[in-house]
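Asker: As a plain string of letters, each chain reads:
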Amino acid sequence: MRNEGLWYSVTVRDRHGKVISRERRRSRSMLGNWYRILYGMMSFLSCSLVGTNGIDWGASWNQDNWKFQASANEDYIGIVVGTGTTAVTIDDYKLATQIMHGTGSGQLRYLICTPGTPSVAGSNCDFLTSRVFLNNSGGSITMRESGIYCRCKGPTYYSYACIVRDVFDTPQAVPDGGSITIDYTLRVTA
Amino acid sequence: MTKGQERKKHPKKALKKTGRVLKPELSYKVEVTDKDGRVIQREEGPSRSYVRQWNEIFQLQAGAVASGGVVKDTSGATQTNAYRTSVCFKCDAGIGYTLNGLRVGKSSTPVSISDYALGSPLAEGTGTDQVEHQLTYFTGPSVVGSTLSFTMQRAFVNHSGAPISGIQEIGVYIFFTAAMMGRVALGFRDALGSPFSIPDGGSITVTYTLKVTA
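Protein chains in written order, with this note's numbering: chain D, 105 to 294; chain B, -15 to 198.
Mixed in with the good hints, there may be bad ones.
Claimed, not checked - Quick partial rundown of chain B residues pointing at chain D, CB under 10 angstroms, derived from the structure:
#1 8
#2 39
#3 47
#4 49
#5 72
#6 96
#7 121
#8 134
Hints were generated in silico from the structure; no laboratory data involved.
A quick note: this is a predicted structure, and the numbers were derived from the prediction, not measured.
No residue lacks a Cβ here, since even glycine has one placed at the ideal position from N, Cα and C.
Start from the sequences, fold in the hints, and give me the full structure.
Answerer: Structure (structure tokens):
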């Protein structure tokens, strides 16, 4: 029996708020870095971890670990999106090709990323995190991957770690003026 | 468009099984050895045991919660001012320490998502139905092929002068912080398939493996 799992949903809306595409699926994406941080927190020991900048600053226990609450405009933390299609591997440390915050060509506006409060229904306890991205770039943008970047403290330096990455089954095109909403739900089941 | 209309237009689809899925898994192994170190009873299998406090404490960290988090502790008290700290999830308990770390107990009650403690945990000591708690220790995360895993383990020694029978539950107590104090919550719990018995001078060792596979 699997008792911990991650699901995601992708919802694309046009400029009028009308839903034009949706994908829901079990995530294929809790990466090794998720468990490296968990190890650091449970054991109070350090271990190797490659941050989103490609540098191994390690992981250890810290109050900021796993933080993926993010403010608007912050494209280095929280749920992130990209155009890469490279298959997910256990040691991925960033999205293949992240879309950055902005209103220029190929850019999206990152809104806040707010982890919700866990809720219990039946034998499940769900924890939902959402983020909306607006396309004010003047053209259509096609997204193919999403993930979660969180804050992480190594023995010496802070870093940001990619702990989740998914490649969409279907590329999601967001029209100019439209938006894409990514929901991740972490579920534990007794 | 209302949510109902949206749902009609875009009905839920079955989950697609395409490509590889990274599978998070938790499993356990329990071994009893006699006073000569011979394995006399053993069980291993997938855990079915994360409970709600696991997600609630994770949310303190992910949401950078500074105050007001709600988590029930192992005494059954609901802590309403929990917040993120560096000790959330800490369970590297020392010798003789029973506040956190792996624990064993005698309750056979099935696991529920709202469990907040072992049903009947064994106490530390050498008296009747007491065990000596050894270190809860970890092996570092390692990647083999497409799997990353790490383990946590604890041995419990019976010097009570008599066998201890009816051990039917295992689990982990983890720290969190609320109201300026260190608190303890149940992270996961498993009811064993059959009761375990530790002879006098023997021990029971519990090993959990946490892994994710590509």
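Asker: If a hint holds in the structure, say so; if it doesn't, say that too.
Answerer: Going through the hints against the structure:
1. 8: Holds - the Cβ of residue 8 of chain B comes within 10 angstroms of chain D, reaching about 5 angstroms at its closest.
2. 39: holds, 4 angstroms
3. 47: Hint holds; residue 47 of chain B Cβ to chain D Cβ min 4 angstroms, cut 10 angstroms.
4. 49: holds, 9 angstroms
5. 72: With Cβ-Cβ at 6 angstroms, under 10 angstroms, it holds.
6. 96: With a closest approach of 5 angstroms, the residue 96 of chain B hint holds.
7. 121: holds, 8 angstroms
8. 134: Hint holds; residue 134 of chain B Cβ to chain D Cβ min 5 angstroms, cut 10 angstroms.
Of the numbered hints given earlier, the model fails none.
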